[in-house]
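Per UniProt numbering, numbering of the sequence shown is gapless, rising by one per residue and ending at 319.
A hint or two may mislead.
Stated by the list, open to error - Straight line, CA to CA, 35 Å or less: simulated DSBU-like cross-link-like pairs of lysine-lysine:
id, residue 1, residue 2
1, Lys133, Lys75
2, Lys75, Lys20
3, Lys3, Lys133
4, Lys75, Lys128
To be verified - Pair by pair, the computed Cβ-Cβ distance ranges are:
id, residue 1, residue 2, range
5, Trp273, Gly138, 30 to 40 Å
6, Lys20, Leu275, 41 to 51 Å
7, Gly293, Pro272, 54 to 64 Å
8, Ser50, Val298, 47 to 57 Å
9, Leu33, Gly288, 49 to 59 Å
10, Leu264, Thr235, 19 to 29 Å
11, Gly138, Phe5, 49 to 59 Å
12, Asp117, Thr62, 46 to 56 Å
13, Gly278, Met247, 11 to 21 Å
14, Arg236, Leu264, 41 to 51 Å
15, Trp132, Glu54, 37 to 47 Å
Don't read these hints as lab results, they were simulated from the structure. Yeah, the Cβ is synthetic: ideal placement off N, Cα and C, and Gly gets one too.
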Amino acid sequence: MPKAFDSTENWYSSIVESLKPPNITSSNDKNSLPSLIYTYDDALHGFSASLSQEGLGILEQTPGFVLAYRDTILKLDTTYTPEFLSLDSSSSILISAEYGEDVIFGVIDTSIWPESDSFRDEGIPRRKPTRWKGRCEGGEDFNSSMCNFRLIGATYYNKAVASIIAGNYVKNASYFGYALGTAKGMAFRARIAVYKVSWIGASSSSDFVAGVNQAIADGVDVISISLSNDDEELTRNVVLEASFSAMEKGLLVCVSGGNTSPDLGTVRNGIPWALTVGAGSISRWFAGTLTLGNGMTVVGWTLYPGEAPLKNLPLIYDS
Numbered sequence: 001m002p003k004a005f006d007s008t009e010n011w012y013s014s015i016v017e018s019l020k021p022p023n024i025t026s027s028n029d030k031n032s033l034p035s036l037i038y039t040y041d042d043a044l045h046g047f048s049a050s051l052s053q054e055g056l057g058i059l060e061q062t063p064g065f066v067l068a069y070r071d072t073i074l075k076l077d078t079t080y081t082p083e084f085l086s087l088d089s090s091s092s093i094l095i096s097a098e099y100g101e102d103v104i105f106g107v108i109d110t111s112i113w114p115e116s117d118s119f120r121d122e123g124i125p126r127r128k129p130t131r132w133k134g135r136c137e138g139g140e141d142f143n144s145s146m147c148n149f150r151l152i153g154a155t156y157y158n159k160a161v162a163s164i165i166a167g168n169y170v171k172n173a174s175y176f177g178y179a180l181g182t183a184k185g186m187a188f189r190a191r192i193a194v195y196k197v198s199w200i201g202a203s204s205s206s207d208f209v210a211g212v213n214q215a216i217a218d219g220v221d222v223i224s225i226s227l228s229n230d231d232e233e234l235t236r237n238v239v240l241e242a243s244f245s246a247m248e249k250g251l252l253v254c255v256s257g258g259n260t261s262p263d264l265g266t267v268r269n270g271i272p273w274a275l276t277v278g279a280g281s282i283s284r285w286f287a288g289t290l291t292l293g294n295g296m297t298v299v300g301w302t303l304y305p306g307e308a309p310l311k312n313l314p315l316i317y318d319s
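When you get a sec, could you build the whole thing from the sequences and use the hints?
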């Protein structure tokens with residue numbers, strides 16, 4: 001950073017300001033002016049901005065320029081986990097880890113439902129870790145008072161995952177009666193900080209990097225990322241780049257392996273500096289029963305909530 005600037009944000013702002021054309025004649029020209037969106041210091045060193053093709057060409061000639069790429073859309077990837085892994089409350093690995101006590105998980109995702117019993121803070125020490133520098137930010141349908149000693153941070157970036165990691169035990173949980181049991185978090189004494197970067201099922205790469213950047217600055221211990229990018233070129237994949245920066249700072253980064261298919265070469269986020277997680281199967285299935293007119297019953301997969309009041313309907317078989 002040049003000595004004339006006291007912060008990278010001021011430096012980046014001056015760069016973007018210098019890209020504005022000298023003569024602006026219409027409101028359309030004003031709407032297309034370059035503007036700074038985010039600055040990054042931890043997840044990577046750089047900024048995101050709205051630029052015209054001409055502005056990008058000028059930026060590429062600026063001293064210190066290394067690389068620029070378009071903002072992209074990241075894909076979202078998707079309580080029974082402890083049992084599936086043969087873990088219970090008496091497992092030595094959970095005991096030795098003190099059930100994740102005071103570990104701060106930064107969840108980069110679509111945000112959470114704070115009213116869920118999974119986020120009650122019973123059994124959590126009544127003080128927050130001193131290394132925690134984050135905040136609980138109010139937003140749409142979310143009041144900052146909804147945070148507690150378990151859910152200690154919430155931040156939004158908009159220019160379901162959290163409870164699996166560190167959720168409390170919730171008895172009689174089910175999906176409309178299916179899979180009735182106790183929902184359990186893997187580290188139920190841990191803390192959660194949520195960084196909402198996904199809106200309406202998608203996330204921009206600039207919002208994602210802003211979330212990771214803030215999580216690192218806030219002092220989380222683990223970053224959970226359930227997003228993937230189709231572009232596997234290292235220099236253009238922000239999931240891989242931001243994960244590497246977090247790893248360099250001593251954080252454990254857990255990323256999803258994607259939801260594409262079992263074919264070769266379809267695993268996303270297959271990087272050595274992060275823990276890439278995927279599941280080939282689960283140890284349960286949700287069944288429904290179809291009763292035919294002759295009394296024969298057929299059992300198959302279903303997620304239909306409840307009994308279907310359907311009778312005397314034809315059955316179509318497509319071979």
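Checked hints:
Only pairs whose Cα atoms come within 35 Å are accepted, and lysine 133 paired with lysine 75 is accepted, the gap being roughly 29 Å. For the hint pairing lysine 75 with lysine 20, the CA-to-CA distance comes to about 33 Å; that is within 35 Å, so the pair holds. A C-alpha spacing of about 28 Å is found between lysine 3 and lysine 133, which places the hinted pair at or below 35 Å, so the restraint holds. Our distance criterion of 35 Å between C-alpha atoms is met by lysine 75 and lysine 128, whose separation comes to about 33 Å.
A C-beta distance of roughly 34 Å is found between tryptophan 273 and glycine 138, which places it inside the suggested range of 30 to 40 Å. Taking the beta carbon of each, lysine 20 and leucine 275 are about 44 Å apart, inside 41 to 51 Å as hinted. At roughly 58 Å, the beta-carbon separation of glycine 293 and proline 272 lies within the given 54 to 64 Å, and the hint holds. At roughly 56 Å, the beta-carbon separation of serine 50 and valine 298 lies within the given 47 to 57 Å, and the hint holds.
About 57 Å separates the C-beta atoms of leucine 33 and glycine 288, a value consistent with the hinted range of 49 to 59 Å. Evaluation of the 19 to 29 Å hint for leucine 264 and threonine 235 yields a pass: the beta carbon distance comes to about 24 Å. Between glycine 138 and phenylalanine 5 the beta carbons are some 32 Å apart, a value that contradicts the proposed interval 49 to 59 Å. Between aspartate 117 and threonine 62 the beta carbons are some 52 Å apart, a value that agrees with the proposed interval 46 to 56 Å.
Look at glycine 278 against methionine 247: about 19 Å separates their beta carbons, and that is inside 11 to 21 Å. About 22 Å separates the C-beta atoms of arginine 236 and leucine 264, a value inconsistent with the hinted range of 41 to 51 Å. Here the CB-CB span from tryptophan 132 to glutamate 54 is close to 44 Å, well matched to the stated 37 to 47 Å.
Violated hints for the displayed structure, listed by number in ascending order: 11 and 14.
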